[in-house]
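Protein sequence lines correspond, in order, to chains A and B.
If you read the first sequence in this note's numbering, its first letter stands for residue 1, the second for the next number, and so on.
If you read the second sequence in this note's numbering, its first letter stands for residue 1, the second for the next number, and so on.
Check each hint, because a few of them may be wrong.
Claimed, not checked - From the structure, some residues in chain A lie toward chain B, with a derived Cβ separation under 8 Å:
1) 4
2) 5
3) 6
4) 24
5) 58
6) 66
7) 68
8) 69
9) 71
10) 75
11) 224
12) 263
13) 265
14) 273
15) 282
16) 294
Calculated from the structure, these hints are not laboratory results.
Even for Gly, the Cβ is constructed at its ideal location relative to N, Cα and C.
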Amino acid sequence: MSDRPLSTLSSLAPPVLSALAGAGYETVQDLLSNSTPEQLSKDLNIPLPASQAVFSAAAGPSQRSLPMTQSAAAMMGTTAKQYSTACPPLDRLLGGGLKRGFILEINGPPGSGKEQMAATAVRTFVECDQQVLFVDMQNMVLPATIKRILMNSPTADPDGMDLVRYLAFHTTAEFVAFVRSLPAYLEANPSTALLVLNSLAFPFQPHTIKRFAMLDKLKQVLARACASMGLTVIITSQLTTKMLEGNGQPGSAPPGSKSVMIPSFRDSDFPPGRTYRVIIVPLTRTTGVIRLLSSPTHVPSRGQPAREEPYQRIRGMIS
Amino acid sequence: MRLQQFSPPLREDLVLALQDIGVRTEVDLILNEDPTAIFTRLPSALGISLLEFRRAVEKVTELASAVPTYGDKQQELENARHDEILRDDMLVGLPEVDALLGGFSPPRLVEISGDKGSGKTTLAMQVALRHLVTVSDSSVLWIDSSGEFAPERVSNMLDQMRGEYSASALERLQVSLAFDIEAVHEVLETLRESMASRNASSYSEFPTTRCIVLDSITPLLAPMLSATSSQGHAIMTTFVRQLRAFADSFSLAIIVINQSTKMLPRNPDAVFETARKPALGPSFTFMTDATLWLSRRPENADDGGSTMHVAEVTRSRISRSKTWAPFKIMNGLLTSA
Numbered sequence: 001m002s003d004r005p006l007s008t009l010s011s012l013a014p015p016v017l018s019a020l021a022g023a024g025y026e027t028v029q030d031l032l033s034n035s036t037p038e039q040l041s042k043d044l045n046i047p048l049p050a051s052q053a054v055f056s057a058a059a060g061p062s063q064r065s066l067p068m069t070q071s072a073a074a075m076m077g078t079t080a081k082q083y084s085t086a087c088p089p090l091d092r093l094l095g096g097g098l099k100r101g102f103i104l105e106i107n108g109p110p111g112s113g114k115e116q117m118a119a120t121a122v123r124t125f126v127e128c129d130q131q132v133l134f135v136d137m138q139n140m141v142l143p144a145t146i147k148r149i150l151m152n153s154p155t156a157d158p159d160g161m162d163l164v165r166y167l168a169f170h171t172t173a174e175f176v177a178f179v180r181s182l183p184a185y186l187e188a189n190p191s192t193a194l195l196v197l198n199s200l201a202f203p204f205q206p207h208t209i210k211r212f213a214m215l216d217k218l219k220q221v222l223a224r225a226c227a228s229m230g231l232t233v234i235i236t237s238q239l240t241t242k243m244l245e246g247n248g249q250p251g252s253a254p255p256g257s258k259s260v261m262i263p264s265f266r267d268s269d270f271p272p273g274r275t276y277r278v279i280i281v282p283l284t285r286t287t288g289v290i291r292l293l294s295s296p297t298h299v300p301s302r303g304q305p306a307r308e309e310p311y312q313r314i315r316g317m318i319s
Numbered sequence: 001m002r003l004q005q006f007s008p009p010l011r012e013d014l015v016l017a018l019q020d021i022g023v024r025t026e027v028d029l030i031l032n033e034d035p036t037a038i039f040t041r042l043p044s045a046l047g048i049s050l051l052e053f054r055r056a057v058e059k060v061t062e063l064a065s066a067v068p069t070y071g072d073k074q075q076e077l078e079n080a081r082h083d084e085i086l087r088d089d090m091l092v093g094l095p096e097v098d099a100l101l102g103g104f105s106p107p108r109l110v111e112i113s114g115d116k117g118s119g120k121t122t123l124a125m126q127v128a129l130r131h132l133v134t135v136s137d138s139s140v141l142w143i144d145s146s147g148e149f150a151p152e153r154v155s156n157m158l159d160q161m162r163g164e165y166s167a168s169a170l171e172r173l174q175v176s177l178a179f180d181i182e183a184v185h186e187v188l189e190t191l192r193e194s195m196a197s198r199n200a201s202s203y204s205e206f207p208t209t210r211c212i213v214l215d216s217i218t219p220l221l222a223p224m225l226s227a228t229s230s231q232g233h234a235i236m237t238t239f240v241r242q243l244r245a246f247a248d249s250f251s252l253a254i255i256v257i258n259q260s261t262k263m264l265p266r267n268p269d270a271v272f273e274t275a276r277k278p279a280l281g282p283s284f285t286f287m288t289d290a291t292l293w294l295s296r297r298p299e300n301a302d303d304g305g306s307t308m309h310v311a312e313v314t315r316s317r318i319s320r321s322k323t324w325a326p327f328k329i330m331n332g333l334l335t336s337a
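The shape of chain A in the complex, shown without the other chains:
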């Protein structure tokens, strides 16, 4: 029998709560030990179903163990299964593969093949019979491409395409609508194991207002989904161009100015404890390195060289 105040049972309607307070019921113990639903309904002059709702809310959680709780040791154990990204240098940077509940962000210049990498990673999840939600924001990967990639594998299952849901949009407003409806979608489809956000920087053109608010909402939604249902997320982002030593007059580049391409998002835009950020750095037409920008356990600081893995392009990305 507990001393929990009745006002904390927020699932009850305000009129019922004020009737309870007016009649002098303060804690759950007062209620449960002194009354029954029928007596309460007569006492407070409320209908019987409302009174029964009060009692079932007051009866509270009946399980012995805490809800939604596991020990830290168990959390490390369940995320042991690693999904290969079908790209060996990337797998090596991730320490074997991508685990459930983690976010992988791939940055890279145009034509570096990051969207292709994301699409190929879908194959691993489909082969393990997991549902995938593929969201494309710049028309880089069409459903036909995904189908071709899935059918290419030797263990192709014709029903594999049913596991992949495809969504395409391009504007900021649609992005906001997507982020708001994502929790409801995930609740309706709890077996979704992978979410791919392709070309995430596209809806956020530099002049987009409320950029921080939108990204913050995305980060919150992703953190909750990853923690509660072990959703894995692969994000590809384009790079943005930044002018150095220039006066930023649009359309004119003063002599002696340099422009660099940097990742569009910062480390703080993603949940820190579960994000891997990599960038593809092409050095020649067919070779280059993939560099690890940050990982859950280690943020490379200035002065310390970041981990890199060389790759070769052979009609895709294979080392």
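Given the structure of chain A, go ahead and fit chain B onto it with the hints provided.
Okay, now just chain B, sitting in the frame of chain A:
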């Protein structure tokens, strides 16, 4: 409290007659109207005289009033409790930082606040882990309200700590996900029931919870605080009072992590120049026992991958405030500066 619930109980027929005319609680009886006015409304068939009614009202007043305590007895109790619990099992491990509040020994409700990246989660985690590796039969409940708990970081910190019981420490760190205030209430309720049943029986196979960390209370309560309605503030106050009562009755150390908001042009309470202050409004700091404000110092930042931080006590009812201590975070662990 309802009139039926007083013990020794009042006259049954009197209570029923009062209920019929709408007087149900002691507040209705004593404070809302003059008792003589209530007497005139009672049915004469009851057969009670004004004198008896007045005596009944006096008895209710006596039963409903607060129990007095004497200052010197309170002081004795406090000293006894303080001596009994002056163990060193709930500390950060850095003498300067521990001296700020005298450690985190139960029963205590401490708020740790600061900007992003100032080391709040790391500090709370270090207290929890240090406790788990030095005491074998206790567990820590970590309530995660944003899904940002990372077991890899925890095991990284644990590897660098030395303690007798570090092998089982990860199993005794229970992590709950709670994305709104209702879910946190449920977690606390279940914990309360299990601890109450443990108190009843002397043997228990599960380790006792000695510490609760609520990582980020801000996303739970901030959306409800508004300038036009005080309901959010009432929910916040009830919740923190419950936490306090919880800490007292089960002898727990509760650490609440709070985020920060803007305060222009500058925060007058902080020792170092800053334009940030703890979130959740000016009254939140008075509901907890002490508020620690952590900030990151930019000087010699890249000294081998470590960062400098400062912890200051902005308000405390258990120690001196406006004191501060620097510390360093290297490899995810707090070390002395």
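query = Is the hint on residue 68 (chain A) kept, meaning its closest Cβ partner in chain B is under 8 Å away?
reply = With a minimum Cβ separation of about 4 Å from chain B (threshold 8 Å), the hint on residue 68 (chain A) holds.
query = Holds or violated: residue 282 (chain A) as interface residue toward chain B, Cβ cutoff 8 Å?
reply = violated (29 Å)
query = Holds or violated: residue 66 (chain A) as interface residue toward chain B, Cβ cutoff 8 Å?
reply = holds (5 Å)
key: Status of the hint placing residue 75 (chain A) at chain B (closest C-beta pair under 8 Å)   = Holds - the Cβ of residue 75 (chain A) comes within 8 Å of chain B, reaching about 4 Å at its closest.
task = Mind checking the CB of residue 4 (chain A) against every CB in chain B and telling me if the closest is under 8 Å?
result = Holds: closest Cβ of chain B sits about 6 Å from residue 4 (chain A), inside 8 Å.
request  = Hold the hint about residue 263 (chain A) up to the distance rule: shortest CB distance to chain B must be less than 8 Å.
outcome  = Nearest chain B Cβ about 18 Å off; hint violated.
inquiry  = Just to be careful: measuring from the Cβ of residue 5 (chain A) to every Cβ in chain B, is the smallest value less than 8 Å?
reply    = Holds, because the Cβ-Cβ distance from residue 5 (chain A) to chain B comes to roughly 6 Å (cut-off 8 Å).
message = Holds or violated: the hint that residue 224 (chain A) contacts chain B, with Cβ atoms closer than 8 Å.
response = holds (5 Å)
inquiry  = residue 71 (chain A) was flagged as interface toward chain B. Is the shortest Cβ-Cβ separation under 8 Å?
reply    = Constraint on residue 71 (chain A) satisfied, holds at 5 Å.
Residue 58 (chain A) as an interface hint toward chain B, with CB separation required under 8 Å = violated (10 Å)
query = Quick one, is the residue 265 (chain A) hint okay against chain B at 8 Å, beta carbons?
reply = violated (15 Å)
ask   = Against chain B, with CB atoms and a cut of 8 Å, does the hint on residue 24 (chain A) hold up?
value = At 4 Å from the nearest chain B Cβ, residue 24 (chain A) passes the 8 Å test, so the hint holds.
Hints 3, 5, 12, 13, 15, 16, counting from the list given before, are not met by this structure.
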